[in-house]
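**Student:** Residue-level listing of the chains:
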Amino acid sequence: MKRRKFLLLSLFGLFISLVAIWYYKFKSATSRDLRHPLDLTEICDRTTLINIGNTYRKLTDENNKKYLEELLLKDAGMNETDIKIRLKTKVAEDFNTGNTILIDGWLISITEARQCALLSISEAN
Amino acid sequence: MHLDARELDNNTIIEGDLCIVGAGAAGISMALDWNKIGKKVILLDGGGFEYDSEIQDLYSGNSTGQRYYPLRSCRLHLFGGTTGHWGGMCAPFDPIDFKIRSWVPDSGWPITLDDLVPFYSKAQKLFELDAYNYGLQYWQEKYPGLTPFPLDKDVIWSKMWQFSPPTRFGKTYKETIVKSANIHLYTYANLTNIVANNEVNGIQELIVKNHNGKTHKVRAKNFVLACGAIQNARILLASRGQAKKGIGNDKDLVGRYFMEHLEVKSAELWLKKPFSTELYVFDYDTRKPRAELALTEGIQEETSILNGSASLTPLAIAKQQTPLIDVWSNEDPRKSFDKLIANFRESREKNYTWKEENGNRAYELFTRMEQAPNRNSRVMLSDEKDALGVPRPQLHWELTQLDKYSIRKMYHILGEQMGKASIGRIKLEEFLWDENDNSMPDQLGGGWHHMGTTRMNTDRNKGVVDANCKVHGISNLFIAGSGCFSTAGAPNPTLTLVALSLRLSDYLKTSEELTIG
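Residue numbers (my numbering), protein chains in the order written: chain P, 2 to 126; chain U, 66 to 582.
Treat the hints as calculated values from the structure; they're not laboratory data. Check before you lean on any hint, since a few could be wrong.
As the list claims (entries may be wrong) - Looking from chain P toward chain U, a few residues come up when the C-beta cut is under 10 angstroms (computed): (1) L15; (2) F16; (3) E70; (4) K89; (5) V92; (6) A93; (7) G99; (8) G106; (9) L108.
Stated by the list, open to error - Only pairs whose alpha carbons sit at most 27 angstroms apart, straight line, appear in this in silico BS3-like list of lysine-lysine: (10) U:K384 to U:K338; (11) U:K338 to P:K85; (12) U:K474 to P:K89; (13) U:K338 to U:K474; (14) U:K286 to U:K101; (15) U:K337 to P:K89; (16) U:K279 to U:K244; (17) U:K164 to U:K527; (18) U:K574 to U:K286; (19) U:K400 to P:K59; (20) U:K105 to U:K310; (21) U:K338 to P:K89; (22) U:K310 to U:K337; (23) P:K89 to U:K218; (24) U:K218 to U:K474; (25) P:K89 to P:K67; (26) U:K310 to U:K104; (27) P:K59 to P:K89; (28) U:K164 to U:K105; (29) P:K85 to U:K286; (30) U:K239 to U:K574.
Just so you know, even glycine gets a beta-carbon here, dropped at the ideal spot from N, CA and C.
Assemble the whole structure, with the sequences as input and the hints as a guide.
**Tutor:** Pasting the structure below:
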């Protein structure tokens with residue numbers, strides 16, 4: 002019995018550890034994706050992105066990490082690829098619908114602006 | 066035939082069938098059109114074949130309002146006119162430029178693009194251009210590397226330009242004019258007064274003078290003023306012998322609606338990946354046609370903006386360039402021109418690396434946009450007189466809210482389209498950031514394009530000339546050139562002003578035939 006209990010507890014522990022590792026990795030990947038606007042990262046350097054984020058936070062009341070993550074994750078999938086695709090689609094939708102904003106002269110999508118805002122918060126922390 | 070008016074006996078009376086005042090692009094084009102047709106054409110020019118500082122000084126004047134180039138050096142005062150230093154950029158107006166647009170006050174011409182097409186074709190030859198074809202597809206067949214950005218065709222189109230060598234009319238057509246049996250060119254014959262009959266419904270004669278103290282009279286059946294939009298307005302306003310407010314100015318329209326092109330660095334285009342921009346970037350060596358990014362008629366209407374386009378210059382080069390309004394600051398046009406050329410040359414020489422193998426990633430976007438017609442933007446007379454006793458011009462260049470709004474909106478649309486196509490992003494210049502700021506920056510310059518001071522309209526209450534460029538109410542006085550433009554269009558005006566002058570020429574020839582018949 003003791004041996005069986007030990008095995009069960011070990012398996013349970015392993016499961017919990019795997020879940021924790023998966024969650025940590027997912028969260029970390031998600032967090033990275035959320036604060037890195039794909040197209041814009043290819044165009045602007047990190048400092049410019051942070052500056053855009055700072056200005057966006059001053060212009061709007063979207064100055065909270067959790068709130069920004071909620072806005073960006075709305076309707077997003079649960080895996081890394083889904084999130085990347087979803088954010089890319091959101092950016093495209095923004096440009097299609099005119100959901101854009103002028104920040105420090107850059108005409109960018111609102112989604113990109115929020116991503117920059119998240120980056121600037123993480124940088125500040 | 067050439068005669069120097071300084072060598073004639075004082076008070077000589079010069080007579081002919083048609084008198085054209087001004088031997089620039091418009092005047093020479095018209096004169097050439099009358100070559101060998103059995104009519105005596107008098108072609109007057111205030112200057113000679115070479116630059117003369119004393120003659121150039123007759124163009125001096127002051128300006129107020131939006132910062133502008135020195136009037137003295139804006140135009141060249143010699144045979145050939147400003148073609149002596151122009152850049153050669155040619156493109157026709159778009160169909161929308163001629164239409165009445167509800168969102169553009171005082172827009173609409175009494176003619177359409179189709180009315181000008183036959184004359185555009187003729188004008189192409191005078192400028193030594195290729196065929197009258199400005200379609201992208203036509204040029205892609207000749208230059209397969211011309212690839213447009215993959216943008217929404219309902220929003221953005223490629224406005225094609227052709228480049229004249231550039232043809233210097235004063236050199237290229239001098240021999241033809243001088244050797245012509247029926248064209249009588251008089252140099253150093255400055256128009257100082259237009260004499261009308263007592264009813265002010267016909268012109269009797271012109272008074273011409275020069276610095277040698279000679280005064281002559283010119284009589285003809287028809288008179289054409291082809292001195293440029295500022296000088297045409299100036300001489301009409303200054304001729305007050307019979308008409309208290311000036312010739313053709315009983316409705317207070319002469320000199321009003323002065324227009325320029327709004328030319329200013331407005332944004333940067335940053336591409337995600339290098340893209341071949343052979344279609345868009347000017348090639349100094351080959352001067353092959355290129356395109357500018359332009360907004361479609363539908364989008365202009367939908368967003369209520371003016372017609373305009375954006376040209377691309379690699380940012381590495383553009384950043385080295387001084388704004389044109391700062392470069393062209395000398396009263397001597399030769400010095401300003403030299404500075405302009407040096408500005409372009411040095412910016413390229415300082416950047417040997419700008420031509421990246423697979424194309425550049427960053428570009429300057431430079432605006433070329435029509436100015437909205439504005440009654441308060443105008444040429445008036447100064448209290449000061451020139452050496453020949455003619456009041457100097459006083460320019461008040463005034464822009465409107467629509468001008469600023471249109472530039473800002475154009476770049477918002479371009480930015481959205483670049484994002485939508487996932488090509489890149491646009492960064493607007495600071496003067497465009499604040500939507501409530503309607504002022505224009507001091508770096509904005511015109512294109513040295515003077516338009517609209519004798520605008521065309523069938524209604525004499527709204528225009529100085531009719532659809533045939535005849536001054537309303539005066540049977541034998543016509544205006545040639547960009548002063549007749551009702552709206553400015555986006556492209557440089559030279560090709561269009563010559564086409565319009567050739568159309569006037571055709572009308573006058575037909576009228577002559579009708580009179581004889």
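**Student:** Hint by hint, note whether the structure agrees.
**Tutor:** Structure-based check of all given hints:
1. L15: violated, 43 angstroms
2. F16: violated, 42 angstroms
3. E70: violated, 23 angstroms
4. K89: holds, 9 angstroms
5. V92: With a closest approach of 7 angstroms, the P:V92 hint holds.
6. A93: This interface hint holds because 7 angstroms falls under the 10 angstroms limit.
7. G99: Where the cut-off is 10 angstroms and the nearest Cβ of chain U is about 6 angstroms from P:G99, the hint holds.
8. G106: Holds, about 4 angstroms.
9. L108: holds, 3 angstroms
10. U:K384 to U:K338: holds, 20 angstroms
11. U:K338 to P:K85: holds, 20 angstroms
12. U:K474 to P:K89: holds, 25 angstroms
13. U:K338 to U:K474: Distance ~25 angstroms between U:K338 and U:K474 Cα, so the pair holds.
14. U:K286 to U:K101: Distance ~18 angstroms between U:K286 and U:K101 Cα, so the pair holds.
15. U:K337 to P:K89: holds, 14 angstroms
16. U:K279 to U:K244: Between U:K279 and U:K244 the Cα gap is close to 25 angstroms, so the pair holds against 27 angstroms.
17. U:K164 to U:K527: holds, 15 angstroms
18. U:K574 to U:K286: It holds: about 12 angstroms lies between the C-alpha atoms, which stays within 27 angstroms.
19. U:K400 to P:K59: Violated. U:K400 to P:K59 sits at ~49 angstroms, over the 27 angstroms cutoff.
20. U:K105 to U:K310: violated, 32 angstroms
21. U:K338 to P:K89: With Cα atoms ~17 angstroms apart, U:K338 and P:K89 stay inside 27 angstroms; holds.
22. U:K310 to U:K337: violated, 60 angstroms
23. P:K89 to U:K218: OK: P:K89 and U:K218 at ~23 angstroms, within 27 angstroms.
24. U:K218 to U:K474: Holds. U:K218 to U:K474 sits at ~18 angstroms (cutoff 27 angstroms).
25. P:K89 to P:K67: With a Cα-Cα distance of about 20 angstroms, the restraint between P:K89 and P:K67 holds, given a limit of 27 angstroms.
26. U:K310 to U:K104: Violated. U:K310 to U:K104 sits at ~33 angstroms, over the 27 angstroms cutoff.
27. P:K59 to P:K89: OK: P:K59 and P:K89 at ~25 angstroms, within 27 angstroms.
28. U:K164 to U:K105: violated, 37 angstroms
29. P:K85 to U:K286: violated, 77 angstroms
30. U:K239 to U:K574: With a Cα-Cα distance of about 23 angstroms, the restraint between U:K239 and U:K574 holds, given a limit of 27 angstroms.
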